[in-house]
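Q: One letter stands for each residue in the lines below.
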Amino acid sequence: MWHTAVATLVRNQRSNLRAYPWTFTFGHIIDGTYLVLVSYFSYVYLIKGDIQSQFAAYTGTSDYLTYVIIGGALNLFSVSMMMNVSRALITEWREGTLEALLLSPSSRFGYFAGTAVQQLFRSLFELAVVLIFGIAAGLRLPHFDAFSVLIGIFAYLLSCFTMGLLLGCVMLYSRDTFFVQNTLFAFTALLCGFQFPREYLPEALRIAGEVFPLTDALGLLRGSLMTGGVIRFGDIVPVLLLCAVYIALALWSGTRIERRMFERY
Amino acid sequence: MKLRRYMISLRAEILKQHRSRTRGKAVFFSMLLWPAFAFLTSYYAMQPYRTGEGSALSRVIPPGGIPLFLLSGYLVFQLFWTTVHSAWLFEQERKQSTLEIIFLTSSSKMAFLFGRSLYSLFNGIWMFAAFSFLTFWFVTNPGQVKWAVLLPVLALIVCSAVIWGAMLSAVSLFSRDSGLLYYVFQAPMELFGGVRIPPSVFPVWAKGLSLLFPVTYSLILVRGALYGSTGGQWMWSLVVLIAADAALVWLTGYLLARAERHARLKGNWSLF
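In the order they appear, the protein sequences are chains A and B.
Residue numbering for the first sequence is 1 to 265, as defined by UniProt numbering.
Residue numbering for the second sequence is 1 to 272, as defined by UniProt numbering.
Please keep in mind that the hints were generated in silico from the structure rather than gathered at the bench.
Take the hints with a grain of salt, since some may be wrong.
Facing chain A, according to a computed beta carbon distance under 7 Å, are these residues of chain B, among others [as the list claims (entries may be wrong)]:
| no. | residue |
| --- | --- |
| 1 | 48 |
| 2 | 55 |
| 3 | 201 |
Residues of chain B placed beyond 10 Å of chain A at every Cβ, according to the derived structure [said to hold, decoys possible]:
| no. | residue |
| --- | --- |
| 4 | 15 |
| 5 | 65 |
| 6 | 109 |
| 7 | 127 |
| 8 | 145 |
| 9 | 149 |
| 10 | 243 |
| 11 | 261 |
For each label pair, taking beta carbons as the anchor points, the in silico distance ranges come out as [stated by the list, open to error]:
| no. | chain 1 | residue 1 | chain 2 | residue 2 | range |
| --- | --- | --- | --- | --- | --- |
| 12 | B | 257 | A | 103 | 49 to 55 Å |
| 13 | A | 256 | B | 184 | 38 to 44 Å |
| 14 | A | 2 | B | 257 | 55 to 61 Å |
Positions of the beta carbon are idealized from the N, C-alpha and C atoms, including for glycine.
Make the full structure from the sequences, and use the hints.
A: Set out below in structure tokens:
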């Protein structure tokens with residue numbers, strides 16, 4: 001498995017550096033910067049810092065600007081990571097290398113692990129650029145809990161990874177990337193609470209948001225970053241369980257879809 | 001006679017677009033679901049703002065007017081966005097090598113660009129427009145709206161969007177990577193056009209940028225008609241938008257001539 005992971009990592013890194021133009025990276029940076037700018041403009045120019053008192057009750061902090069900038073940056077990061085992981089197999093198919101991959105005895109999980117680690121170079125680069133804008137716009141973290149933040153980051157990465165796996169299966173099944181990915185991102189933007197506390201959503205939508213492990217992982221990570229909230233083991237269990245379900249679903253459906261991949265057309 | 005030939009080309013291009021771009025049920029997502037979700041997300045993102053008496057927000061957007069404000073924003077944005085879409089897909093004409101064929105025929109190339117834009121607009125907007133008008137009906141006071149102003153203004157905006165899309169398609173004649181337009185125009189057009197935040201509260205540099213997008217003027221016109229306030233600034237926007245449309249039509253023709261000459265001089269007739 002580790003062999004496959006490292007081999008995939010090296011290959012993807014090479015093909016990224018040599019063959020691919022930077023359209024996606026550039027586009028993600030623009031989108032992330034947009035989220036930061038729109039929050040900043042709204043807060044500073046439109047409402048001049050005039051926030052409901054309810055906001056602090058929901059989030060435990062009155063620093064609206066930091067709250068939305070973290071949300072915007074993490075939204076960009078989740079989109080980027082889910083896209084990079086999920087598009088791996090369908091890109092192999094489009095480039096004509098999927099057959100070779102399916103015939104080889106390499107570990108599928110190792111393949112995805114390599115993809116996920118390699119794409120961190122790109123998504124972390126995008127995140128860093130947007131965070132620079134964010135810090136310029138007023139992102140401040142006076143008290144955070146370092147150990148909890150690490151756990152929160154782990155949970156967040158795992159959620160993005162597992163959601164990317166399942167998204168990749170849907171892409172492979174429907175042979176489409178554009179509609180599938182953007183529909184998912186429309187849902188996550190509304191339901192996961194990146195730009196606003198989920199308490200503002202109607203009951204039904206709030207429950208629907210629980211389907212994504214991203215929702216809880218985002219809450220935990222942002223909580224530990226902003227208010228120094230300590231993440232206990234009990235908090236992280238639901239995220240881990242949900243991720244396990246996603247992985248199981250992705251592996252199970254993945255093998256079935258791969259089997260039919262070359263029969264259908 | 002010239003007009004008739006132009007119309008034939010226009011019709012042919014629309015028909016061509018229709019045949020190559022109809023994608024079954026998938027259009028439902030891009031036409032209705034995504035803009036509706038973007039609208040909802042922005043709406044909830046504005047919930048933490050204090051709206052009552054004396055709040056900073058109530059000086060810019062009338063109390064209770066947020067849904068109408070955002071909905072008009074997204075409708076106008078979507079109108080322009082569908083035509084940007086046509087320019088964004090322009091590289092397909094190169095990849096499928098239909099561009100050479102069109103350049104070699106005697107049909108009007110202006111009609112070709114406008115046909116693309118026109119089809120993209122009507123194919124992309126009808127569902128979201130229906131959604132918007134239904135929602136308008138619930139959230140607005142129909143007596144306050146100046147219908148006699150709103151409807152002509154909407155017609156003008158549709159024309160402007162088509163002209164804008166045709167101009168961007170003409171720009172795409174110079175490049176093989178028109179995919180970049182998708183990123184350059186989506187987020188900045190939404191921010192600086194004033195979809196979520198009215199440009200009147202922007203700092204000077206951002207106001208300057210917002211003047212570059214026709215979305216800005218269109219939104220001033222639509223919101224003015226919706227709130228029943230058509231003053232001096234409104235008239236100015238109307239004049240600027242019409243003048244900009246005329247200038248853009250001229251620019252499209254100019255770019256087209258330049259691109260064709262460029263292709264004749266520098267390249268061969270295989271344009272990809």
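Q: Each hint should be assessed against the structure and marked as holding or not.
A: Now for the hints, and whether the structure bears them out:
1. 48: holds (4 Å)
2. 55: holds (5 Å)
3. 201: The hint holds - residue 201 of chain B has a Cβ within 7 Å of chain A, the shortest such distance being about 4 Å.
4. 15: holds (24 Å)
5. 65: holds (13 Å)
6. 109: holds (27 Å)
7. 127: holds (15 Å)
8. 145: holds (24 Å)
9. 149: Per Cβ check, residue 149 of chain B is outside 10 Å of chain A; nearest 26 Å; holds.
10. 243: Label holds. Min Cβ-Cβ 28 Å, cutoff 10 Å.
11. 261: holds (28 Å)
12. B:257 / A:103: 49 to 55 Å: Once the Cβ atoms are compared, 54 Å apart, the range 49 to 55 Å for residue 103 of chain A and residue 257 of chain B holds.
13. A:256 / B:184: 38 to 44 Å: Taking Cβ atoms as reference, residue 256 of chain A and residue 184 of chain B lie about 40 Å apart, which means the hint holds.
14. A:2 / B:257: 55 to 61 Å: Hint holds: Cβ distance 60 Å, inside 55 to 61 Å.
Taken one by one, the earlier hints all hold for this structure without exception.
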